[in-house]
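In order, the protein sequence lines correspond to chains A and B. Every letter in the first sequence is one number past the one before it in numbering that gives the first Met the number 0, and letter 86, counting from 1, is 85. Every letter in the second sequence is one number past the one before it in numbering that gives the first Met the number 0, and letter 114, counting from 1, is 113.
To be clear, the hints were calculated from the coordinates, so they are not data collected in a lab. You may find that some hints are simply not true.
What the hints assert, rightly or not - Reference excerpt, derived from the structure (chain A facing chain B, CB under 8 angstroms, subset only):
hint : residue
1    : Ser1
2    : Met7
3    : Lys46
4    : Ser211
Every residue, glycine too, gets a C-beta built ideally from N, C-alpha and C.
There are 2 protein chains.
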Amino acid sequence: MSFRNFPMVPRVIYGKGSSQQVEEIVEPIRQNGYPIIYFADHFFKDKSLVQHIPVQKNDKIIFIDTTEEPKTSDVDQIRDQLIEEFGKVSGIIGYGGGSVMDMTKAVSLMMNNEGSSANYQGWDLIQNEGVYHAGIPTLSGTGAEVSRTCVLTGPEKKLGLNSDFTPFNQVILDPNLTQGAPKEQVFFTGMDCYIHSIESLNGTFLNAFSRSYGEKALELCKKIFLEKSEWDEESDEDLMMASWHGGMSIAYSQVGVAHALSYGLSYVLGIKHGVGNCIAFDQIAEFYPEGVKDFKKMVDKFEVEIPKNICQNLSDEQMNKMVAVALSLTPLWENALGKNWHQQITEKKIKELYEKM
Amino acid sequence: MSFRNFPMVPRVIYGKGSSQQVEEIVEPIRQNGYPIIYFADHFFKDKSLVQHIPVQKNDKIIFIDTTEEPKTSDVDQIRDQLIEEFGKVSGIIGYGGGSVMDMTKAVSLMMNNEGSSANYQGWDLIQNEGVYHAGIPTLSGTGAEVSRTCVLTGPEKKLGLNSDFTPFNQVILDPNLTQGAPKEQVFFTGMDCYIHSIESLNGTFLNAFSRSYGEKALELCKKIFLEKSEWDEESDEDLMMASWHGGMSIAYSQVGVAHALSYGLSYVLGIKHGVGNCIAFDQIAEFYPEGVKDFKKMVDKFEVEIPKNICQNLSDEQMNKMVAVALSLTPLWENALGKNWHQQITEKKIKELYEKM
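Chain A with its partners taken away, still in its complex shape (with noise of 0.2 angstroms):
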């Protein structure tokens, strides 16, 4: 048996207000004039932090429009933009969601890694380290923060480019950028959060390791999203730090059910991770019935939407690409279930869950 060497994020800050430390943090990592570039949600476009991020001499940012989740050509254009424009970049440093974080680990890789970024889905597969990247998150519960994988979405598969060199070199925790967000959206990526301890601790992967830091995830989860009664300051700073503890126990486990699900309806449907992940958690009681129960009391309490009746009006095509698509995802099954998962999980049955979706 061979056990992950897992590679963390090397440095780290917390601290409300903590953010104001790029310019210091990223003055050193400047090589020969080359410029930092900073991803940052299109959401921001005008709103004030923009007008804190330090640009500097050919500095650049690009606003990062998250209206669909990140794919391979994306991240492709814009590093073959950087590379026409500057040759080379000092480092890119992101503000965002999930889809933000994904797409910094992923151009920074792909600035130093040749061919399209669909050629690196997968495992092990990028050959170079990338370009210095940092990390400020403004929406918790993704863990894409502390996590070695960018999902991406390419022309075969919605797959991440997992490697060594996919963690942040700097993540800064700065609770103060995360208030205000939209409430949906702190609820449905939150509960990506919830859904990650849930399958993390429910899954056949589990060690003492990922088991410590996925019950303290999903205890802050409890406490914000079912007992406290009402969100406050607080809750901002237990969400970005579930994020991260629920991101540091799949690092030793493993998702499982609702997010091969989830990979399925985004593919298909273009449906947003966290929305997918909640459409699919709803409808697998009998995989997680703890979880599940308290999953509907959180919908209840922040009365939000879940989108029902998805997979009514699907063709045979689209639906057998996306029982496909789940049912590629063998570690994830093998965790919810163990090596024999093969014996309840076959096409019929991924089929018959979607389409009560």
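Got chain A sorted already, so can you dock chain B onto it with the hints?
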């Protein structure tokens, strides 16, 4: 206000039996035929662990005498020997508890920093990156596996080499290695972790980052030292993770009253850190009422003898030195009691506390 940019251990492996991966991990770090040096607690001299150390070519095992805690003179001496024998080394891998962890970090730093290690006791005095160093704990509790310090007793003070270069390049957490340690040692080292979490959670420096880690460490300590009826393999795993989380918690906060007093006991009387913490913590219910109450229950449950009356026959000179050492640790007092800690903590007060021990 400036927030710390905390350097995390960039690589971690967790799992029972994971220490068998040492060979494959150290192979790529070999440089120009320079050896890999293994530090091991002298306790392991005739134990099976030593046979598992993958010594090759000119590699060398150095047994570290942990009868006393690491001194700056020990560090300097081993560093000088290694330079004389090999010129350079490829890396240092330490198997042991807090003392061996700290020796490993200290010697690796001193291979690349001139003069005595005593010159670098303090904060951010280390100028150059050390050689590659990895930590493989065989006792859990100190948090030395994640911390940015290595505590040394020098000619003038007991203080760590605190620096961004101090954390290990690699940590291997193998719960098999902590099994079978003497019960008293497990208790005293485990209490270091328990006290870290109490001091962190009750400190004024606390934020949501250190709180989430501290709460998890505390929960695990209570589970294994208070709630469970007996010690089992899961307890070893839980204490290993408690130590990790406790170490992460103080990364962003600080220790407190027990540690300040314990440093004095160690410096003047040579009392080991874990034991000194317990002697001190036993007498400071006025600062940590709940924590000390539970601590006393743990002591009873584990039937451990906390040394008493150790300050009865001190000379004035000894007592004054002890008070001076404790009083000099400003950040610890400030964390425990706030900016106005001087109003509560005087030489007289500290002396009174010591006289109870």
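Now for the hints, and whether the structure bears them out:
no.: 1; hint: Ser1; in the structure: holds (7 angstroms)
no.: 2; hint: Met7; in the structure: holds (5 angstroms)
no.: 3; hint: Lys46; in the structure: violated (23 angstroms)
no.: 4; hint: Ser211; in the structure: holds (4 angstroms)
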